[in-house]
Every structure is written in C-alpha cells, then in structure tokens.
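Undergrad: Line order of the protein sequences matches chains A and B.
So the first sequence is numbered by my numbering: it starts at 24 and just counts up by one.
So the second sequence is numbered by my numbering: it starts at 24 and just counts up by one.
Because the hints were derived from the structure by calculation, they are not lab data.
Please note: incorrect hints may appear among the correct ones.
For identical chains, the list gives no copy identity; a pair is met inside one copy or between any two copies.
With a straight-line cut-off of 20 Å between C-alpha atoms, the simulated EDC-like cross-links for lysine to aspartate or glutamate are [claimed, not checked]: (1) LYS32 - GLU118; (2) LYS144 - ASP194; (3) LYS162 - GLU143; (4) LYS113 - GLU58; (5) LYS170 - GLU188; (6) LYS202 - ASP179; (7) LYS83 - GLU188; (8) LYS141 - GLU123; (9) LYS202 - ASP183; (10) LYS113 - GLU27; (11) LYS170 - GLU58; (12) LYS162 - ASP67; (13) LYS163 - GLU188; (14) LYS162 - ASP183.
Next come the chains, spelled out residue by residue.
Number of protein chains: 2
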Amino acid sequence: MLEEKGILKVSSSFLARSMNLTASQVRQDFCNFGEFGQQGYGYDVIRLKNEILKILGLTKRYSVIILGAGNIGRALAGYGGFLRDGFEVKAVFDEKSDIELENGLPLLSMDSLQEYVKQEKPDIAVIAVPGQSAYEVAKKAVDFGIKSLWNFAPIDLKFDGVCVENIFMSDSLYVLAYKMNH
Amino acid sequence: MLEEKGILKVSSSFLARSMNLTASQVRQDFCNFGEFGQQGYGYDVIRLKNEILKILGLTKRYSVIILGAGNIGRALAGYGGFLRDGFEVKAVFDEKSDIELENGLPLLSMDSLQEYVKQEKPDIAVIAVPGQSAYEVAKKAVDFGIKSLWNFAPIDLKFDGVCVENIFMSDSLYVLAYKMNH
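One chain only, chain A, in its complex shape (with noise of 0.2 Å):
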C-alpha cells in the first residue's frame, strides 16, 4: 500500500502504528530475518517489501487445484487476486462434472486426480468440499502426493510432512457472535 502511494521510506513506529505493535517488535521481528532499515533512516519501502516476499516464499510461483466445486470452490477459482500474488489456480476437481465454471478452467472428475497430480505435480490443493468428506478427499490427495493444503473444510487436517493452512469460516462467524454478546 505505501509502495502504490508513492511512499519510498517509513519508520518502525509507523509501521507498528498501522499493525498494534510497538516499534521495538516491529525492529526485532525483522532483525531476526537481517537487517533492513538504517537507524535514523527508515526502512526503504521497495527493499522491505521484496524482503518480506522472499521471507515469505513469495517471489516464487505456485500451481494450485482446487478440490470441490461448490460455493466456496468456484468463487476461489473465479477470484483474481492469488494470481497476482503468485498463486495460480490450474484446475478445479469435483465428483460432479456437470458443472460448468463460467472462467475457462477445467473442471475434472476426482477420478482423474491421481493422474493430474503425478504429472502435473501441482503445489497447492484446496480442500472446498463439505466436512464430512473433507479428510477422504484431503487424504487422497496427500497420497498422490500433494504437499501443501489449503483448508476450507470446519476439520483439522494433519498429514505428517504436510502443511496445512486453514480458513475456519464458521468458527470466525461464531466469535462474531460471542463478540456481540458480551
């Protein structure tokens, strides 16, 4: 945001300002990944993002599937903005294949995932089925030898040598609720 309104330079305090840290955390979290500011200076904006981006795994791209094409699954594969962040959606998997994607990506049989993953090697999948098959599908897919799942499923999915990143919708709409009424 501060590189697209032309801002070169920005102090820690400021930086702990926008995020509820103080400066210090701010200074000490990015010392642990090496030195990017200049004391007195600032941090360089340019240099500070394209530093966060390699910390983060960023500057490189990624191939995702998403596996499910309900609500969840095709409004991920219609959201634009992962691709501009590196995050690429290649194809989408359902058990149903008389669903049509409105944005040109294939929709495969899960049938074929075995077949898709051995050759493609996709880095990412998306779990967007519903809980009660969330594990057999995640699992299918570990086994064919994904490494990285994306979690929309309200279950805790653990694969040893897998990562894991969930988005508990359901769960966050709960502490709404409890916020509400207290």
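Let chain A serve as the given structure and place chain B on it in line with the hints.
TA: Same frame as chain A, but now just chain B:
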C-alpha cells in the same frame, strides 16, 4: 459431531485430544462459564453443546446483509451452511445493479443501504468489497447503524462500539507459502 454419531457423554481428555489441548485446559476453560460436567462421569454431549451455543450466542438468530456482490459476496450469499447456524442472509448490496443472484436473494443498490438498515435493522454486515473501497463501505454501514462487521477485505477495520471479525484469506495463503519454504 459427537451428537450426530449418537455419542451421549464425552470426557475432558477425549475433547482435549481432538483439540490438541490438555484435559486440564478443557476443564478450566469450561469452569470459567459454570459447571457442565461431573467428576468421573464426563460431559453430557447434548447439554454441553447447548451450553456452548449459549456462551457463543448461537441460540439466537441473526440477520445478515452482504456488501459487495463479487466472487466472495456471491459465494457467501449462496452458502447454505450459515443459515443452519442461525445466520440468515437477507440481502446483498452492490454498486452494480446488473448482477443477477441465482438464489432469489434481493440484490440492492448501495444507494438504498441507509434506508434498508433503518427499516430492517440487520445485525451483521459482511464486507465483501475490494480493499480500496472497504473502509468507505464499512464506514457507511456503521454510520447507518450497523453494529457488527464480518470483514473479508484485506484491511483492518476499527470503529468505536462496533464488533469486527476478519477473514484474511490472502494472509492465510502467505502463511502457507511461508510454511512450504521453511
């Protein structure tokens, strides 16, 4: 899930295992809200569920409006799961009025938001517009009387006396990328 499986009672150690906590943590957490279990017997599944629903505020029903009819807004509008939990989507608002919603929900113009909020008093507004317009749209909703925001835009929203819960999808994807590289 236990209820669906017909399981009638459950121990704190079983609950702890399923959530990566210790039995003592589970018991202490529940203790903060009253006594739901009996020493040596465990928790009655249905009673425990009902107590947790009460704590979370999920025994009430909430009316929800969605601000933004892009991919995320439409997916949320079409997702039936929230209704089961008591969150009923009543209307979707967007700048563009030429978008059709498949599920019969009214798609209204952002211009009619003030009148709608005044008349219908929805409990929750979902912020499903792009980051650049999210603050402005949320500010309007709050000025018109909305007290709770479920925010999908990648910015922090803060307003006095307003509950906010965030779903930062891109952040989650960045964390996944970080895990994949470390």
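Undergrad: Indicate, hint by hint, whether the structure satisfies it.
TA: Evaluation of the provided hints:
For the identical chains of this complex, LYS32 and GLU118 are neighbours neither inside a copy (51 Å) nor across copies (35 Å), given an alpha-carbon limit of 20 Å. For the identical chains of this complex, LYS144 and ASP194 are neighbours neither inside a copy (32 Å) nor across copies (24 Å), given an alpha-carbon limit of 20 Å. Taking identical chains as interchangeable, the C-alpha atoms of LYS162 and GLU143 lie at most 20 Å apart only when both belong to the same chain, with a minimum of 18 Å there against 45 Å between chains. Taking the shortest alpha-carbon separations for LYS113 and GLU58, neither the intra-copy value of 37 Å nor the inter-copy value of 51 Å comes in at or below 20 Å.
Only within a single protomer do LYS170 and GLU188 lie at most 20 Å apart by alpha-carbon distance; the minimum there is 12 Å, versus 30 Å between protomers. With identical chains, the CA atoms of LYS202 and ASP179 are at most 20 Å apart between copies only, with a shortest distance of 17 Å across copies and 24 Å within one. Proximity of LYS83 and GLU188 under a CA criterion of 20 Å is satisfied intra-copy only: 18 Å inside one chain copy versus 30 Å between copies. Within a single copy, LYS141 and GLU123 get their C-alpha atoms no closer than 25 Å, and across copies no closer than 39 Å, so neither meets the 20 Å cut-off.
Proximity of LYS202 to ASP183 under the C-alpha cut-off of 20 Å is restricted to the inter-copy arrangement: shortest distance 14 Å between copies versus 36 Å within a copy. Taking the closest pair of Cα atoms, LYS113 and GLU27 never come within 20 Å of each other, the shortest separation being 29 Å inside a single copy and 36 Å across copies. In this assembly of identical chains, the alpha carbons of LYS170 and GLU58 never lie at most 20 Å apart, being 32 Å within a copy and 43 Å across copies at closest. Taking the shortest Cα distances, LYS162 and ASP67 never come within 20 Å of each other, neither inside one copy (44 Å) nor across copies (32 Å).
For the homomeric pair LYS163 and GLU188, the shortest alpha-carbon distance inside one copy (17 Å) is at most 20 Å, but the shortest distance between copies (33 Å) is not. When the C-alpha separation of LYS162 and ASP183 is checked against a cutoff of 20 Å, the pair qualifies only within one copy, where the shortest distance is 11 Å, while the shortest distance between copies is 45 Å.
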